[in-house]
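Each residue of the sequence shown is one higher than the one before, counting from 1 in our numbering.
Simulated from the structure, these hints should not be mistaken for laboratory data.
Each hint should be verified, as a subset may be incorrect.
[Stated by the list, open to error] If you anchor each label on the Cβ, the simulated ranges turn out as follows:
(1) Val28 <-> Asp50: 23 to 33 Å
(2) Gln72 <-> Ala44: 29 to 39 Å
(3) Asp24 <-> Ala66: 16 to 26 Å
(4) Thr8 <-> Arg69: 36 to 46 Å
(5) Thr8 <-> Glu68: 34 to 44 Å
(6) Arg64 <-> Pro26: 16 to 26 Å
(7) Lys71 <-> Ala45: 23 to 33 Å
(8) Ala52 <-> Asp23: 30 to 40 Å
(9) Gln73 <-> Lys38: 34 to 44 Å
(10) Val58 <-> Phe25: 32 to 42 Å
(11) Met62 <-> Asp27: 12 to 22 Å
Note that the structure is a prediction, hence the values are computed from the model and not measured.
All C-beta atoms, glycine included, are put in the ideal place defined by N, C-alpha and C.
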Amino acid sequence: MQWRFAGTSYQQPPMNVPRTPLDDFPDVIMHASESAVKNHANYAAAKAGDLAAAMQMVVDVMDRAATERIKQQMGWIAIESFPSTPWRPMA
């Protein structure tokens with residue numbers, strides 16, 4: 001199967017490509033279940049490319065406990081979280 005990106009054709013690699021071990025890479029920390037995201041009022045608009053809908057959905061489903069676990073795990077990365085007002089695009 002071929003696919004195109006930025007005007008260039010690429011051949012899809014075989015599906016039996018060996019995976020690289022992640023060694024000490026931490027487990028994924030989930031903010032919300034898949035069903036919570038897919039049932040969100042903004043999901044369809046976000047999926048269709050509406051940036052404002054996508055950003056608001058992210059803010060709405062962010063979990064404070066998950067954010068704190070990420071901060072503890074990745075302490076060297078600054079995480080700005082939970083704006084006090086709904087996200088709005090810049091004018």
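Going through the hints against the structure:
One distance hint, 23 to 33 Å for the beta-carbon pair valine 28 and aspartate 50, holds here, with the actual separation near 26 Å. A beta carbon spacing of about 34 Å between glutamine 72 and alanine 44 agrees with the range 29 to 39 Å that was offered as a hint. Checked against the hint of 16 to 26 Å, the C-beta distance between aspartate 24 and alanine 66 comes to roughly 20 Å, which is consistent with it. For the pair threonine 8 and arginine 69, the beta carbons lie near 40 Å from each other, so the given range of 36 to 46 Å is met.
With their beta carbons about 42 Å apart, threonine 8 and glutamate 68 fall inside the hinted range of 34 to 44 Å. For arginine 64 and proline 26, the Cβ-Cβ distance of about 19 Å falls inside the hinted range of 16 to 26 Å, so the restraint holds. Between lysine 71 and alanine 45 the CB atoms are about 30 Å apart, so this pair conforms to the stated range of 23 to 33 Å. Our hint of 30 to 40 Å for alanine 52 and aspartate 23 holds, since their Cβ atoms are close to 39 Å apart.
Taking 34 to 44 Å as the suggested C-beta distance range, the pair glutamine 73 and lysine 38 does not conform, at roughly 26 Å. Our hint of 32 to 42 Å for valine 58 and phenylalanine 25 is violated, since their Cβ atoms are close to 23 Å apart. For the pair methionine 62 and aspartate 27, the beta carbons lie near 18 Å from each other, so the given range of 12 to 22 Å is met.
Checked against the numbered hints above, the structure breaks hints 9 and 10 and satisfies the rest.
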